[in-house]
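K.L.:
These protein sequence lines map, in sequence, to chains A and B. Note that the working numbering has the first sequence beginning at 112, numbered continuously upward. Note that the working numbering has the second sequence beginning at 80, numbered continuously upward.
These aren't lab readings, by the way, just hints derived from the structure by calculation. Remember, predicted model here, so these are calculated numbers, not experimental data. There could be a bad hint or two in this list.
Computed footprint of chain B on chain A; a stretch qualifies when at least three of its residues, placed anywhere within it, have a C-beta under 8 angstroms from a C-beta of chain B [said to hold, decoys possible]:
| id | segment |
| --- | --- |
| 1 | 130-143 |
| 2 | 168-174 |
| 3 | 212-219 |
Glycine included, every Cβ here is placed at the ideal spot set by N, Cα and C.
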Amino acid sequence: MSKSLEVLLLDDEPIVGRRLKPALDKIGCHVEIFENPIEAVARIDEKEFDIVVTDIRMEKMNGMQVFEHVKKKWPRTKVIIITGYAKMELAREAMEKGIFDFIAKPFRPDDLRQIIARAAQALGTPIDLTLIKD
Amino acid sequence: MTPPPELPTLTDDSEDDENLKLKERPSISIRMTIAISYALFFLLCVAITISSFWTISILEDKIKFLEITDNYLVEIQQARRFEKNYLLYGTNLDDALEHLTNAKKILSANSKTIKKIMGEKIFQSNSDYMQKYHDQLLKLGGEKKTGKIDDIVPLLRQYGGEMVSSAEEFVKKERGSVARMLMMAKRVPFYFISGLLVLIMIFVIYLTQNLMVTLKRFMDYTKRIGEGDFSPIVPAKKFKDEFTKLAEAFNTMIRELNHKHSILLESHKLRAIGTLVAGVAHELNNPLNNTLLTAEMLKEDLTVLSDTEKIEMIDDMINETVRSQVIVKGLLDFARESETTIKPLKIEKIVSEAIRLVANQVKMAMVKLKTNFEDNLPGIYGDEQLLKQVFVNLIINALDVLPPGGEVCVDIHKNKNSDFVVVEVEDNGPGIPEHIQSRIFEPFFTTKGQSKGTGLGLSVSKGIIRKLGGYMHLKRSSESGTIFMVSLPAIESPSEMMSKK
Numbered sequence: 112m113s114k115s116l117e118v119l120l121l122d123d124e125p126i127v128g129r130r131l132k133p134a135l136d137k138i139g140c141h142v143e144i145f146e147n148p149i150e151a152v153a154r155i156d157e158k159e160f161d162i163v164v165t166d167i168r169m170e171k172m173n174g175m176q177v178f179e180h181v182k183k184k185w186p187r188t189k190v191i192i193i194t195g196y197a198k199m200e201l202a203r204e205a206m207e208k209g210i211f212d213f214i215a216k217p218f219r220p221d222d223l224r225q226i227i228a229r230a231a232q233a234l235g236t237p238i239d240l241t242l243i244k245d
Numbered sequence: 080m081t082p083p084p085e086l087p088t089l090t091d092d093s094e095d096d097e098n099l100k101l102k103e104r105p106s107i108s109i110r111m112t113i114a115i116s117y118a119l120f121f122l123l124c125v126a127i128t129i130s131s132f133w134t135i136s137i138l139e140d141k142i143k144f145l146e147i148t149d150n151y152l153v154e155i156q157q158a159r160r161f162e163k164n165y166l167l168y169g170t171n172l173d174d175a176l177e178h179l180t181n182a183k184k185i186l187s188a189n190s191k192t193i194k195k196i197m198g199e200k201i202f203q204s205n206s207d208y209m210q211k212y213h214d215q216l217l218k219l220g221g222e223k224k225t226g227k228i229d230d231i232v233p234l235l236r237q238y239g240g241e242m243v244s245s246a247e248e249f250v251k252k253e254r255g256s257v258a259r260m261l262m263m264a265k266r267v268p269f270y271f272i273s274g275l276l277v278l279i280m281i282f283v284i285y286l287t288q289n290l291m292v293t294l295k296r297f298m299d300y301t302k303r304i305g306e307g308d309f310s311p312i313v314p315a316k317k318f319k320d321e322f323t324k325l326a327e328a329f330n331t332m333i334r335e336l337n338h339k340h341s342i343l344l345e346s347h348k349l350r351a352i353g354t355l356v357a358g359v360a361h362e363l364n365n366p367l368n369n370t371l372l373t374a375e376m377l378k379e380d381l382t383v384l385s386d387t388e389k390i391e392m393i394d395d396m397i398n399e400t401v402r403s404q405v406i407v408k409g410l411l412d413f414a415r416e417s418e419t420t421i422k423p424l425k426i427e428k429i430v431s432e433a434i435r436l437v438a439n440q441v442k443m444a445m446v447k448l449k450t451n452f453e454d455n456l457p458g459i460y461g462d463e464q465l466l467k468q469v470f471v472n473l474i475i476n477a478l479d480v481l482p483p484g485g486e487v488c489v490d491i492h493k494n495k496n497s498d499f500v501v502v503e504v505e506d507n508g509p510g511i512p513e514h515i516q517s518r519i520f521e522p523f524f525t526t527k528g529q530s531k532g533t534g535l536g537l538s539v540s541k542g543i544i545r546k547l548g549g550y551m552h553l554k555r556s557s558e559s560g561t562i563f564m565v566s567l568p569a570i571e572s573p574s575e576m577m578s579k580k
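Chain A on its own, in the form it takes in the complex:
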């Protein structure tokens, strides 16, 4: 496997990061987890991530604002939005704006891994999901 996929995961629920970090590590991602969007945005300013996964609903800043920030700074970065529940209009709006995909809570680790794999494919650095089974 070549260079690992740089992923930033932002969700104000600590358990999300705690569980998804090992899950994504397994498919060859290097994951940095954040609970505070302000801190996450500061980190994004410092470093270009391949993929940013962010919750939509947070207190200080919402996922869309994080997305706008990423888009301005790193146009190549794929952004995946986690939503509380699926809302068609939100999905459409997200897609139009250039968000890579969105995923509705509750989801399984594999659901996110599938999306990340597609994002990796789109970035030109495909990953092998069969790795998980080992």
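Place chain B on chain A using the hints.
P.N.:
For chain B alone, coordinates are given in the frame of chain A:
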């Protein structure tokens, strides 16, 4: 301690009692009042007719009698004329005697009436003069041949003069009486008609006054009912009338309205629940997601995880499940169907629970919610669920108009000048346009559009607060924000009650 306000019960037997109270009064209906008045007017008209008839018939008699008195005067004057002719020309004296006899006949035939008019004394002296004149006249006749008439003539003249002047006076008197009577006959109808006019005016004023006052009262009832006060109408007057039927109909309507209102309350609650459910569903997804991710990873990594890690993950799942339970319980408590029960409550507790219920909406709207509760607040009387509904509604209304970053402040304090606890819900939203401010408490008035609002929130809330003896109004609304104020009667503070003991 302040007595608890009247319970807003859904089915109310006491209203039948109220209708009984309305019925159990002696009745003086408007119809009867009018009938009695008409009867009075009729009697008055009959009286006018009878009195006119009576005056006219008296006048008739009087005029007839006037002829008699005229005849009487003529006879006397004739007697005197013949007496003079006798003395001057020596004509026959019998003619004078004959006329005098006629006059005497008239006098004696009508003595009763004449006595009444002239009086006994004058009548007597009149008859005396006539008798004396008659005597002198006879004497004159006797002395015709002797020619000794010098003694007789002065007496004859004296008595004759007295007799004539007395008769003239009598006739004059009688004419005067007839004239007076005529005058009266002319005036009496005018008096009666003026009296009748005054009576009619008094009656009309009484009736309209009575009607206006009662109508005003019923207008006040409709206003009161419109504001959500569904207490039945109680008798306001001593007697029942046509309005009693209206009051009974009102009470029936009030009972129906009360029933409908309770259904409305329920649907309004359902609406609030619907709003809350969206937030709760959203909120539930977080612990569910945490549980699902943890369970999946635990399964995936079962063989590689250490016992400590496994325990930690299981604990996470337990905690997240409990968290879900708490979220669901809050909504269930709110949605639970229950009878309205008025009991002493802590207002700050109710408001806090309402805030907890809308916490998700607050988060979703990305709005800041601040609270400012005064210490040692007195208790209030109320129904926990209904009050929670009021405050949930007020906060959700504020959230609906606030842009992200907006602020809602809930303030509770005791009113210094009265025994009321005041809850103020303030937002820094765009404010309510002035031209609709007076309408916001009207049922079915909404600015949110059919899909979002029923237009019942504020009107139902106001109804709930009114029932608890409180007030709800828009304190201020401008471009810088809106404040809704809810005041509820305070129960005396526990320390005061202690000191009384």
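K.L.:
Hints first: check each against the structure and report whether it holds.
P.N.:
Here's how the hints hold up against the structure:
no., hint, verdict
1, 130-143, "holds (count 4)"
2, 168-174, "holds (count 3)"
3, 212-219, "holds (count 5)"
Against the hints set out earlier in the document, no violation occurs for any number.
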